[in-house]
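Protein chains: 4
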Amino acid sequence: MCTAMTVRNKDFYFGRTLDWDTSFGERAVITPRGFGVRFRMEPPQRMHYAMIGMATVVDGYPLYAEAVNSCGLCAAGLNFPGNAYYSETAEEGNLNLAPYELIPYLLGACADLTQAKAMLQDLNLLAIPFREDIPLTPLHWMIADRSGAVVVESTACGVRIYDDPAGVLTNNPPFGFHLQNLSHYGNLTAAPVKGDFLDESGARSFGLGLGCHGLPGDYSSTSRFVRAAWLLSHRSEMKGESACVAQFFHLLDAVAPVKGSVLTENGKEHYTLYASCFNATRGVLYVRSCNSPTVWAIDLHQREHESEKLIEIEIPQKTEFSFL
Amino acid sequence: MCTAMTVRNKDFYFGRTLDWDTSFGERAVITPRGFGVRFRMEPPQRMHYAMIGMATVVDGYPLYAEAVNSCGLCAAGLNFPGNAYYSETAEEGNLNLAPYELIPYLLGACADLTQAKAMLQDLNLLAIPFREDIPLTPLHWMIADRSGAVVVESTACGVRIYDDPAGVLTNNPPFGFHLQNLSHYGNLTAAPVKGDFLDESGARSFGLGLGCHGLPGDYSSTSRFVRAAWLLSHRSEMKGESACVAQFFHLLDAVAPVKGSVLTENGKEHYTLYASCFNATRGVLYVRSCNSPTVWAIDLHQREHESEKLIEIEIPQKTEFSFL
Amino acid sequence: MCTAMTVRNKDFYFGRTLDWDTSFGERAVITPRGFGVRFRMEPPQRMHYAMIGMATVVDGYPLYAEAVNSCGLCAAGLNFPGNAYYSETAEEGNLNLAPYELIPYLLGACADLTQAKAMLQDLNLLAIPFREDIPLTPLHWMIADRSGAVVVESTACGVRIYDDPAGVLTNNPPFGFHLQNLSHYGNLTAAPVKGDFLDESGARSFGLGLGCHGLPGDYSSTSRFVRAAWLLSHRSEMKGESACVAQFFHLLDAVAPVKGSVLTENGKEHYTLYASCFNATRGVLYVRSCNSPTVWAIDLHQREHESEKLIEIEIPQKTEFSFL
Amino acid sequence: MCTAMTVRNKDFYFGRTLDWDTSFGERAVITPRGFGVRFRMEPPQRMHYAMIGMATVVDGYPLYAEAVNSCGLCAAGLNFPGNAYYSETAEEGNLNLAPYELIPYLLGACADLTQAKAMLQDLNLLAIPFREDIPLTPLHWMIADRSGAVVVESTACGVRIYDDPAGVLTNNPPFGFHLQNLSHYGNLTAAPVKGDFLDESGARSFGLGLGCHGLPGDYSSTSRFVRAAWLLSHRSEMKGESACVAQFFHLLDAVAPVKGSVLTENGKEHYTLYASCFNATRGVLYVRSCNSPTVWAIDLHQREHESEKLIEIEIPQKTEFSFL
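Protein chains in written order, with numbering that gives the first Met the number 0: chain A, 0 to 323; chain B, 0 to 323; chain C, 0 to 323; chain D, 0 to 323.
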């Protein structure tokens with residue numbers, strides 16, 4: 000379970016919750032432009048855009064969950080079990096990538112969504128795990144910049160690229176269902192409603208907020224999609240970095256499962272490990288850990304020239320509160 | 000619109016969102032024990048417990064929205080329009096208080112909920128505004144300590160004190176409705192469910208989180224009550240102050256209206272101005288403003304001896320992010 | 000479980016589903032005006048209005064589930080377990096009735112709702128079973144005529160008479176909750192809605208009927224109340240007896256539990272044993288058994304003079320279809 | 000709007016509601032086996048199975064909305080606007096049919112679903128209206144017999160045949176969505192639930208029926224599908240023709256829009272014109288008009304030898320009640 004979303008204020012914001020039952024050693028990782036990214040079937044990118052995101056680093060390779068590059072192009076991978084299908088054979092003339100390569104390849108090579116969409120036309124996702132002992136993760140992706148967002152799905156029916164006017168991605172089922180499902184909620188409104196349908200009933204209205212009665216509040220993939228899409232399409236435009244970042248985390252928090260509210264089949268708690276928000280325009284990653292209310296910031300442009308190696312930054316898991 | 004809630008971990012936490020369409024100059028206010036609180040019809044409390052909370056200070060008097068005292072007794076007033084009724088005449092032998100006096104009176108005089116409940120037996124709430132030019136606010140209250148919570152309502156039917164096993168309070172209608180309304184949600188579970196009711200259908204489950212499908216996601220008073228009560232009753236027990244405070248804000252964020260999602264009849268945005276959380280055991284107030292993701296802390300015990308005057312502390316409305 | 004409702008077309012219609020897990024020998028019963036009805040604590044009615052309804056007859060006494068009298072006053076008793084409370088002692092000067100006496104007393108004595116309401120002012124319902132071996136049934140009642148409807152509840156708080164502008168009664172909880180609960184559904188409409196809230200999404204609308212998305216479809220007491228009230232307030236006015244009766248059964252069928260959809264704690268099927276509809280203006284009872292689609296009619300005025308004894312009419316449990 | 004469904008008791012039943020805003024002259028029509036059915040692109044069926052169903056007859060041709068043939072194979076066409084796509088050109092070697100020909104062709108030629116499925120493999124639906132002045136109707140179809148059901152859809156993606164384990168069909172969107180959508184309702188049960196999730200709350204349960212709280216009650220295509228599918232999968236097995244037919248109409252009535260509850264964009268009432276139920280095993284059509292509660296029966300086998308011409312039977316629009 001995860002929810003990714005995009006918000007356009009003066010700057011462009013992109014981020015996600017990462018919902019799982021156990022931490023996987025994720026940290027902020029900057030891939031500087033001189034790093035040089037290698038791929039299994041495609042030639043390496045010696046010169047590429049720098050990028051920052053949340054990742055684990057294995058054998059010196061950044062396995063990004065989500066990232067933004069120095070041009071403001073963003074990408075996130077979300078769990079898609081049972082539906083993701085990766086092909087067994089490379090296809091000549093196509094863009095043959097392992098699933099874990101998709102984010103660094105696109106962000107390394109493309110300056111914007113238009114370039115990314117062009118590249119994705121020929122995508123062939125291969126069933127190649129990063130290492131023998133690391134299983135393939137079933138994923139689908141949201142790729143976005145200020146101009147819009149697309150969803151990339153590789154299923155038994157092949158690779159499909161969908162425009163995503165909602166600016167949201169969650170998990171199963173395939174994206175087409177989610178977009179269709181929004182049609183159920185056309186009668187919801189942010190405006191107040193008359194207390195009820197009986198003019199003469201004398202029942203007093205409960206007050207504000209009844210116009211969106213019917214919005215689903217659970218943490219299923221489909222309900223998170225609807226809630227996020229509805230809130231995004233009704234949000235105010237914010238001004239100032241503090242307010243924009245606060246808004247983004249409010250939006251994520253509206254769909255982030257609180258620890259205990261979702262259990263796996265083994266009875267483990269499935270919850271939001273971290274929430275991230277990129278100011279894609281400025282190349283800043285904001286991130287907040289589950290057990291700490293503080294939002295930390297990391298600036299790609301400030302640090303991308305430090306090194307030609309991956310820069311790994313641990314996110315504090317605890318807040319030491321500063322007292323007023 | 001507002002939501003108050005209580006959480007018992009190792010320490011006891013109490014807090015609320017304050018949802019309104021315009022700021023009212025609220026700030027953190029400490030009433031030190033030597034302040035001396037005056038009342039309209041009741042004798043002043045020269046010796047009283049110190050307290051901290053969010054308030055506006057008018058003519059040197061703390062008009063608390065919510066507060067905790069140095070013993071860990073907590074109180075919050077929430078909007079209750081159309082149902083709150085205050086009596087016109089004081090009644091001899093009763094506890095005659097103006098609505099704005101209820102929080103300072105109880106927290107000044109009572110060490111715990113048992114004492115507060117005893118005092119509330121004779122409560123008579125009077126239709127006395129703080130000042131001619133400040134209208135009476137229609138309110139009901141949650142009073143709580145580690146042992147439990149009660150709701151105080153003064154309606155046309157008189158003053159009623161309800162046990163609140165849910166540990167939640169929102170707004171209209173009267174409390175009895177909210178508690179009854181929970182009965183609708185007995186089929187919800189944090190555990191996963193089989194994908195659907197058709198064994199043979201072949202439709203794949205959407206994944207985790209479907210067990211609580213049916214939980215309402217809107218921002219009406221009743222739906223916020225249900226969602227908060229359900230999440231509270233399914234939450235994990237947390238350890239460590241950072242994690243406990245993070246959990247409390249996660250819970251508040253699940254019911255806090257995002258700016259734009261709720262409009263008033265005049266089309267103004269009604270949203271969460273601030274969210275507060277008391278560690279009632281330690282006398283610490285944590286608070287977060289709408290447009291700033293940072294949680295600020297203020298320690299009652301550290302500062303209650305500074306002065307015999309009200310200590311007013313402004314909460315920063317903006318975060319200057321610190322970069323890692 | 001049961002649902003009672005009222006419909007005003009040119010004539011006035013009143014009826015109900017009777018939902019239970021086992022038949023109790025119900026049949027149509029006419030109490031002719033010369034029958035003479037006896038009561039435990041009140042003087043007998045030697046002269047009374049004739050009435051017709053569904054009842055069991057025990058020891059020569061009509062135990063009505065619902066009935067209409069020759070003036071068009073209607074009454075129905077519905078299950079109210081856990082909330083109904085009957086007093087142990089008769090009160091001098093009050094109207095002291097056993098629960099099973101309420102329907103025959105009111106319909107015997109009152110020509111209309113105004114008279115009934117006046118009488119109900121002094122009602123004291125006594126905990127007297129019809130016979131030692133027949134347990135007291137916990138009930139509340141809807142009393143109605145063309146001018147309106149009231150609900151009568153005797154709970155631990157005493158007897159309360161509520162105006163019922165919805166023209167609906169189901170079961171628990173007390174009536175006030177149901178009326179308040181309607182406030183949740185003020186955003187529903189019979190009109191179509193735009194496909195969804197995303198103009199640019201390109202998702203096609205699913206078509207008509209989405210305006211009332213959010214209307215609950217289950218068979219709980221509260222959801223049946225909402226559904227019935229919403230449908231009643233949006234129904235067309237019908238003309239002609241055939242169309243009016245068809246409409247009434249359509250409305251009942253929208254809330255009548257299909258066999259198998261509701262189970263008791265013992266796993267027994269709880270379903271609609273029969274559905275009844277009175278044309279109260281003309282004194283006709285229409286009734287349909289569970290396992291037979293035919294609506295049978297019985298005319299009070301045609302038969303009330305046949306006898307001074309109760310006239311019992313069995314309702315066929317099976318339809319022999321007539322072929323066109 | 001329409002809902003079709005199948006029920007397997009001792010006999011096999013199939014039927015539907017036909018929901019529209021205006022009557023189209025529908026009546027029961029028997030096509031005797033000697034009639035001889037002609038097609039635009041396919042050779043005529045001189046010898047074919049007899050069939051009965053609801054249809055309009057134009058220029059001597061039966062335009063069936065739904066029908067069953069003498070072997071028990073059933074078919075119904077339901078509105079599918081915006082999604083139905085018919086091809087412009089006939090394809091050699093395929094089964095080239097106009098949409099209005101699909102039902103008579105399949106029922107004329109196939110003894111069971113297996114044969115029908117084989118034939119449907121090569122289906123090519125052509126954009127040929129019955130007559131210049133009769134517009135093409137956008138439809139999809141359910142074909143069923145005792146062994147199961149399939150849905151036939153011709154969209155811009157081509158012709159697809161889906162197994163339909165739910166035994167239900169409504170309208171938009173395409174069938175795959177409906178089947179997936181069922182996954183949302185896996186937490187619903189016919190069994191009672193504990194009153195609420197707060198053991199200690201003291202709130203009394205509202206009673207039976209809360210286990211399926213969350214079932215949608217509106218008349219959108221998707222909600223009718225869910226409600227019908229859930230009720231079908233929880234229904235009891237019935238015995239005896241009267242009870243089986245009564246059950247079928249109860250099921251249809253649970254999804255049939257009551258007049259006034261659904262309006263078109265022009266403000267016209269969209270409602271159930273008629274409800275039909277075939278006993279497919281015995282070749283009997285049961286049908287009920289909107290404004291009349293009586294179920295009429297017509298026996299295919301009794302009348303198929305009367306003539307070689309179409310036999311048209313008007314369904315009475317009014318009930319003359321027979322009094323007990």
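Everything labelled a hint here was simulated from the structure, so no lab data went into it. Just so we're clear, the structure is a prediction, and the values are computed from it rather than from any experiment. Each hint should be verified, as a subset may be incorrect.
Chain copies aren't distinguished; within one or between two, either way the pair holds.
[Claimed, not checked] Straight-line C-alpha distance at most 25 Å; calculated SDA-like pairs for lysine to any residue:
no.	residue 1	residue 2
1	193	155
2	308	147
3	308	129
4	308	262
5	193	162
6	193	233
7	267	97
8	317	296
9	317	162
10	238	175
11	193	113
12	193	235
13	238	295
14	9	162
15	193	317
16	238	146
17	238	267
18	193	19
19	317	298
Status of the hints after comparison with the structure:
| no. | hint | verdict |
| --- | --- | --- |
| 1 | 193 - 155 | between (48 Å within a copy, 23 Å between copies) |
| 2 | 308 - 147 | neither (31 Å within a copy, 55 Å between copies) |
| 3 | 308 - 129 | within (20 Å within a copy, 64 Å between copies) |
| 4 | 308 - 262 | neither (39 Å within a copy, 50 Å between copies) |
| 5 | 193 - 162 | between (37 Å within a copy, 20 Å between copies) |
| 6 | 193 - 233 | both (20 Å within a copy, 16 Å between copies) |
| 7 | 267 - 97 | neither (30 Å within a copy, 49 Å between copies) |
| 8 | 317 - 296 | both (15 Å within a copy, 15 Å between copies) |
| 9 | 317 - 162 | neither (38 Å within a copy, 35 Å between copies) |
| 10 | 238 - 175 | neither (33 Å within a copy, 41 Å between copies) |
| 11 | 193 - 113 | neither (46 Å within a copy, 30 Å between copies) |
| 12 | 193 - 235 | both (24 Å within a copy, 22 Å between copies) |
| 13 | 238 - 295 | both (20 Å within a copy, 22 Å between copies) |
| 14 | 9 - 162 | within (22 Å within a copy, 48 Å between copies) |
| 15 | 193 - 317 | neither (46 Å within a copy, 37 Å between copies) |
| 16 | 238 - 146 | within (19 Å within a copy, 43 Å between copies) |
| 17 | 238 - 267 | between (40 Å within a copy, 17 Å between copies) |
| 18 | 193 - 19 | between (41 Å within a copy, 19 Å between copies) |
| 19 | 317 - 298 | both (21 Å within a copy, 19 Å between copies) |
Figure legend: structure checked against the earlier numbered hints; hints not met, in rising order: 2, 4, 7, 9, 10, 11 and 15.
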